[in-house]
Amino acid sequence: MTDELAIEATGLKKSFGDVRVLGGVDLRVARGTVFALLGPNGAGKTTTVRILTTLTRADGGRALVAGHDVDRERHLVRRSISLAGQYAAVDGLQTGAENLRMMGRLAGLSRGQARRRAGELLEQFGLAEAARRRVANYSGGMRRRLDLAASLVGAPSVIFLDEPTTGLDLPSRQVMWQVIARLAGDGVTVFLTTQYLEEADLLAGRIAVLDGGRVVADGTPADLKELVSGQSLDLLLADSAAFDRVAARTAGRALRTDRDGLAISLPTDGTAARVRALLDELDPERSAIRSFSVHTATLDDVFLAVTRPGRAAARKEQETTHV
Amino acid sequence: MSDALIMTSRALRLSSRQLDALLTSLMLPVLLMLMFVYLFGGAIRTGASYVTYVVPGVLVICAGFGAATTAVSVTQDLSGGIVDRFRSMDVPGPAFLAGHIAASVLRNIASTVLVFGVAYLVGFRPHAGLAGWLAAAGILLAFILAIAWLAAAFGLLVKTAEAANALTFVMAFVPYASSAFVPIATMPWWIRGFARNQPITPVADTLRGLLLGTPVGSSPWAALIWCAGILVAGVVAGGLLFRHRTA
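These protein sequences, in sequence, are chains P and E. Reminder that position 275 of the first sequence reads as 275 in our numbering, one-by-one numbering, no gaps. Each number in our numbering corresponds to the 1-based position in the second sequence with 323 added.
If you are wondering where the hints come from, they were derived from the structure by calculation, not from laboratory data.
Chain E regions said to be covered by chain P (calculated; three or more residues, Cβ under 8 Å):
#	region
1	337-347
2	403-417
Counterexamples of contact, computed for chain P against chain E with all Cβ distances above 10 Å:
#	residue
3	67
4	278
5	293
What you are looking at is a predicted structure, and each value in this text was computed from that prediction instead of being measured. The beta-carbon is built from N, C-alpha and C at its ideal position, and this holds for glycine as well.
One chain only, chain P, in its complex shape:
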């Protein structure tokens, strides 16, 4: 319960009926930082956000947000946070300005304060011209920006953004990224969920990868990239028979295999000696591998390495054989 932590979750568990969604999630987010919870669909990201924002009760575990317990002090938590969800939670039949004024009034602002705050936010989010239009006529990107603006009316200290860019086209996504980056600059803590590695890499100082209801990796983007040995060796095989032979010899070490594309990727430290040894080991006949390339691991490699069943275990095994 240190003051530097905006969010501290320990052993969060949640099941819906027989389906276990979270199996003991631990998270620590420092004040004033951007934290990304990264994971594929169904990993439990939204459930985690709902628990941290007091909308859902956890079955087990404990979480403090802005220093308050999400279960026993939910009203105090709600006064410090805001939530922008996957679905823009604004009224289509109200104008942008009306939506923001309403949210401002609900956040406890007076009529005049709410009007001023709405004006500021509309300006800040590039919606001033659309202020008097009904939200039903907004584009998807505009709706998301308004939704984000609505979550800021009460000047929260922790902002939860649940997949803020899912379903947006690239230009709208880039605008959202700018907006989120600016929030972080203002000293607000941002907790973001995303399926996009690029987004997490770009915005977040720390990332936790959630898969199957557990945190399978966490650290800075650089830490995570390090998990996959920094470099990967990408092989292009001659044919499917060659693919099968080499795949059998990789013994679960592969980061990625693509039988249709005849491609296999393996972790490596990038040294010539290690690459030569790997090539010799996997292809003693010197006919199976057509070509190879070495590249620095991206977060995609990390994601694939840690989120696929069996991959994490395989990676550990590989680490121990080489350390």
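Model the placement of chain E on the given structure of chain P, informed by the hints.
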């Protein structure tokens, strides 16, 4: 309390912008009344001018239509995610529901006034004194409030706006099997039991008696007990369902 006021003004603004739905709920009762008076009324013998007999029935059915709109609005809010935002802003569930209910009641008062106005134009001449008017308004308001809560609870129960709309059909048909449009004595024996013992009958009988200045017997009490029962059921079910649906 101020949250409830904000929610009410939101609900009113939203319904004022669903013009087609608003006009339907305002015009339908009037058209229904005109249809009964001019198309069916000539063939129905109620012992007095038919418009005089039918107005209370129209008021009751009008309340039903208005409430059904409320069920749809509640369902839409719940599926749209805005309720999560309200909850994360610490808006209490009762304030959210109260907003919808207050808007529903206000819409209903507007359509009731419209029905009275048109009824007067087509020959409805009530003989109530001030006390009678006040009592009639009180009973009607109690009924409107009770079924608005029931409708809100129904809106929380179903998952889609289409399903919520099913309430319109219930609200549109149950009044026919009551004393609202024709005397129960003219109905076949097997339906009379239902017609005598459902809430619409005492409400319609009370309104009719009060407005025309004729004896009402025990029907005001029956009407009030029904309204209180429906109200309590609606409030309790609404509270439980809100917690369940948003947990």
